[in-house]
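Produce the entire structure from the sequences given, and follow the hints as far as they go.
Protein chains in written order, with this note's numbering: chain A, 1 to 148; chain B, 1 to 798; chain C, 1 to 162.
Be aware that a few hints might be false.
Claimed, not checked - Okay, derived cross-link-like pairs now, DSS-like style, lysine-lysine, Cα gap no bigger than 30 angstroms in a straight line:
#, chain 1, residue 1, chain 2, residue 2
1, B, 446, C, 156
2, C, 156, B, 21
3, B, 664, C, 129
Rather than coming from a laboratory, the hints here were simulated on the basis of the structure.
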Amino acid sequence: MPVGEFFVGPMMTVRESNELLVSVHFPRWPDAERIGTGFHEVNERHGDFAIVAAAAQIHLDDEGVCTRAAVALGGVHDFPLRIPGLEAKLVSTEIDKQIIEAALTEISMAIEPPGDQHASADYRRRVARVLAERALTDAVAEASGVQR
Amino acid sequence: MTDPASNLRYVTRKRRVKEDKRFVSGTGNYVQDVVLPDTKHAAVLQSPHPNARIASIDKRQAEALAGVHAVLTGAELAEHIDPIRLGLKRPEVKWYPLAVGTARYVGEWVAVVVADDPYIAEDALELIDVDYEPLEPIMDPEEAFEEKSRLVHPGHGSNVLYHGHFTWGEVEDDFAAADESLSFRARWGRSLTVPIETFGALAAWDEGTEILNVWASIQMPNFVELLASTLRYPLNNIRLYQDVDVGGSYGVKRGIKHCVLVGYLCRKLRVPVRLIEDRLVNMSGGDAHGPDRIFDTTVAFNRDGIIKSLKIRALDDAGAYPGRGPHQLAKPISAIVGPYKISSVDYEAISVTTDKTGQVPVRGFGQAPTNFMIETAVDKVARHLGMDRLEIRRRNMINHDEFPYQIPSGTKYDSGDYHAVLDKVLDLTRYDELVKQRDAARQNGKLAGIGIATCLEPSGGNNIFEYLMEPGAEITTYMEGCEVRVDAHGQVTGIMATTTSGQGHETLFATILGEELEFDPDDIRIVHADSLCGLPTRSPVASRMAIMLGSSAAGAAQKIKDRAMKIAAHNLNRPIEDLEYSEGSVFVRGDPSRKLTWQEISFIAHRAYHKLPAGLDPGFHAENVFQVSGGGKLPDEKNRVQIYPCFSFQAHIPYVEIDPDTCKVEVLDYAIGHDCGTVINPDIVRGMIIGGIAHGIGAALYEKFAYAPDGQFLSSTFVDYLMPSVYEMPEVKDVEHCTPSPLTSHGQKGSGEGGYLGAPAAVASAVNDALEPLGLSIHELPMRIDNIHDLLVGKSRT
Amino acid sequence: MNSRDITVTVNGKTVAGTVEPRMSLLDFLRGRSGLTGTHTGCEHGICGACSVLPDAVPVRSCLILAVQADNHSITTVEGLCNEDGTPGDLQEAFRDAHGMQCGYCTPGMLISAHALLENNESPSLDDIKEAIGGNLCRCTGYVQIIEAIQLAANRKLQARRS
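Following this line, the structure appears as structure tokens:
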């Protein structure tokens with residue numbers, strides 16, 4: 001099944017108690033030289049589960065136009081999730097700071113962050129933006145061939 | 001640094017620690033390693049409610065499970081034992097190992113299962129059916145203080161366990177005369193120096209000798225007395241094996257209720273019974289949470305930065321079963337003004353019960369929260385006056401020529417040179433460059449801060465603060481006993497009377513003996529007596545063992561030497577004044593060929609009675625029970641008294657950066673100057689200090705036992721209760737200074753607590769320095785990401 | 001409960017036993033092999049006190065079932081000693097640097113350090129931190145543990161070069 005259907009709740013998946021996960025398939029995007037990635041997380045201590053995490057993968061064509069974008073957030077919802085609205089605002093653009101800023105506004109509608117003893121919902125909402133921005137900036141830089 | 005020209009051979013020298021050999025080999029003797037045939041295993045059922053009447057317990061299904069030997073409830077147990085004595089006499093606050101009638105916190109033990117193995121025991125727990133009638137819990141300590149109807153122990157009539165008020169010096173006059181005053185609240189969060197080994201106990205009743213044999217991961221004074229009184233046994237019916245290695249304690253391994261349970265069960269069932277806490281039980285139901293304290297403090301000061309007086313109100317949440325927790329409000333009276341010349345103090349101390357896990361003594365016994373509050377006061381005055389935080393300390397600290405220095409509450413600080421230590425650590429950390437580094441980081445958009453904390457470590461121990469809390473508790477004896485035996489072949493063995501949990505006492509003891517007798521400490525064997533054979537002891541609390549066991553050992557060694565000299569004098573036919581001792585041999589001064597070797601002396605002592613001087617008993621051994629210096633007196637009519645004899649000092653300078661977007665605090669550098677008098681073993685002392693700093697960083701930034709408002713406990717695992725890993729520890733630089741204590745055998749003071757007693761204050765100081773350009777401050781620990789976030793986005797946190 | 005017969009090689013010696021599937025490798029090692037050097041710290045995989053070495057990479061024996069170790073070889077801290085039971089070189093370095101206090105986390109630290117030094121003869125400070133990043137210690141504050149591992153690495157390198 002697609003990974004988006006696999007996670008259903010905090011630390012919960014659709015696996016039944018008599019089932020065993022046997023493989024995970026990560027499809028690779030073609031045209032590796034024009035792909036960039038970025039990952040940022042915040043945890044209280046190094047190595048802890050992230051309070052908030054953001055991952056981004058970008059493909060730029062030869063003119064520097066984004067043809068494909070994947071942005072996912074962890075710690076901001078009951079399960080990790082992609083932000084399609086944000087991705088849509090990046091595709092077909094020459095991504096720059098303003099475009100990223102505008103795209104980030106899609107985050108708050110898409111997520112319902114939990115609040116717990118580690119961090120409030122407020123914190124997760126705010127920091128999701130910060131980390132997504134950092135992850136995207138890194139991904140775009142790498143895809144453009146710029147040294148990070 | 002101890003004078004390199006000194007003629008000490010072993011004390012102060014870098015030497016390997018004896019205990020380390022068995023630890024690296026995996027052959028330590030921890031309680032879980034002790035194996036007795038036919039041992040059964042206990043598991044405990046915990047209450048899911050913060051406060052609930054226990055209407056009924058149906059244990060029939062659990063009892064019927066194959067492999068189960070017993071299921072015991074509180075009601076049954078209470079018929080056979082007395083409630084566990086608390087530190088304060090509060091007869092209506094009844095503490096049993098299993099809840100009797102009412103469960104008073106999430107995690108309280110409600111029943112115990114004994115089975116063939118721990119797996120079956122846990123299976124059986126799931127078969128016990130408890131009918132609870134939940135009641136409304138009282139969780140907030142300030143509410144608990146005022147509360148009239150939600151009482152944790154209704155028979156006690158209130159939630160107030162203790163409410164004391166002390167005034168030393170002319171507080172009102174000092175406040176009236178001071179230029180200004182300011183008030184603040186500082187909050188020390190509920191945390192603990194959680195050891196990696198949980199508490200465990202194994203008990204076996206021997207009917208043939210009528211002895212209850214107990215092995216436990218214990219660090220506590222009066223443990224056997226408490227166990228005996230609870231089980232209603234004569235004290236000498238219990239043998240506690242004290243050669244059990246304790247996997248970390250830092251004050252907290254008290255385990256009375258665990259030992260009462262296995263002690264009762266093993267006799268009832270006629271088999272050894274073992275209870276090893278699993279981590280979840282340990283975190284929620286071990287009755288081992290640390291101080292949880294609100295300070296409301298007002299400080300009076302002059303515009304030149306001199307601090308005149310303090311008014312302190314300390315409210316501490318002791319949980320449902322406080323044990324000795326409330327005493328952690330009184331011990332800090334020993335250094336209630338810190339290292340400063342503050343001339344008067346008003347101290348109101350309150351301990352309350354709530355529906356939380358009970359409190360246990362923690363490293364420093366209340367001094368870490370108190371130092372945090374005092375340093376917060378000093379930094380706040382500095383910020384208010386626009387004065388440098390170093391300068392204000394220099395102006396207020398006691399000067400090196402003012403020792404012994406008596407503080408308003410009556411304690412005399414024995415020795416010190418606080419300014420010298422501060423200067424050394426500033427030098428070590430290249431302070432001016434650190435300031436530049438901080439300022440550069442700020443230019444780059446980070447929040448960056450340098451922390452400063454100058455703190456005392458009271459050491460040596462005595463109990464007289466108990467009398468301050470409860471006049472009539474006339475306990476002034478605080479001693480440490482040891483024996484030294486020289487066998488017929490001349491080998492030396494030292495016998496200590498208590499347990500060790502990583503402080504290297506065997507090495508300490510052997511080093512002092514080796515120094516005095518002039519033998520290699522590696523050739524000296526140290527053993528731990530069990531409680532039936534051991535001399536009186538007060539156990540390794542209060543940062544006391546270097547002082548007390550060290551001084552006791554030195555005294556015992558002197559008696560051994562005296563005996564050797566007497567035997568030699570008699571056999572060389574010369575007066576003692578004509579003789580010299582060197583490395584075990586005794587020879588005639590000026591004629592070294594006329595001598596007796598150590599082997600010859602030992603042989604005479606053990607075997608050749610005809611060669612002993614008249615009046616000397618056979619054998620070659622000595623006992624020494626050393627009473628703490630300055631102990632033995634009751635407080636005067638103004639409640640002034642010497643609490644603890646020796647005062648070590650540390651100056652901490654950490655450097656932190658805070659990411660303003662993620663609000664994460666990182667401690668990037670740490671320098672500490674420390675003065676614990678003569679350092680007996682440098683590696684042990686350095687390890688203690690850095691380990692204490694790690695505990696302090698944990699308490700400052702990560703560690704909290706959290707409760708939801710409805711009373712649910714949120715921190716039972718290491719996923720939620722966060723302790724520093726290697727990544728959270730900065731590189732620590734340290735520099736030593738030595739002002740010997742005049743009160744101990746070699747000038748040594750305690751060093752087991754100092755890192756922890758100052759690090760939380762220092763890290764708080766650094767975070768506040770980082771927030772200072774924004775005009776913000778935070779005075780609640782731990783300072784977690786969420787707390788910094790709320791501050792930075794301008795919310796106030798309730 | 002259906003029991004299984006398993007055979008595990010621990011430090012070169014065969015340990016056979018009949019176990020329930022739910023028994024952890026930690027409990028099997030401590031209860032059936034006669035070796036109590038591997039310690040119980042949290043039983044949920046965080047503290048690392050239970051670390052043992054099946055191959056090159058340490059595992060938390062509290063999170064492994066005993067039946068998973070059937071027909072496998074495991075090294076525990078005792079296996080780092082010399083034939084005669086005396087401490088090996090890594091363990092001696094820990095003694096020389098006093099890289100411990102209560103000793104409870106020490107077996108796990110030694111296993112992690114051993115795995116590091118088997119694969120990396122000049123570990124950087126970051127390499128060392130990564131190796132012991134999953135081993136919690138409450139006594140030492142880690143500094144003297146790091147120094148012990150650096151000492152062991154230097155000595156091993158010197159010995160190899162000479």
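Here is how each hint holds up against the structure:
{"no.": "1", "hint": "B:446 / C:156", "in the structure": "violated (41 angstroms)"}
{"no.": "2", "hint": "C:156 / B:21", "in the structure": "holds (20 angstroms)"}
{"no.": "3", "hint": "B:664 / C:129", "in the structure": "holds (20 angstroms)"}
Hint 1 alone, counting from the list given before, is not met by this structure.
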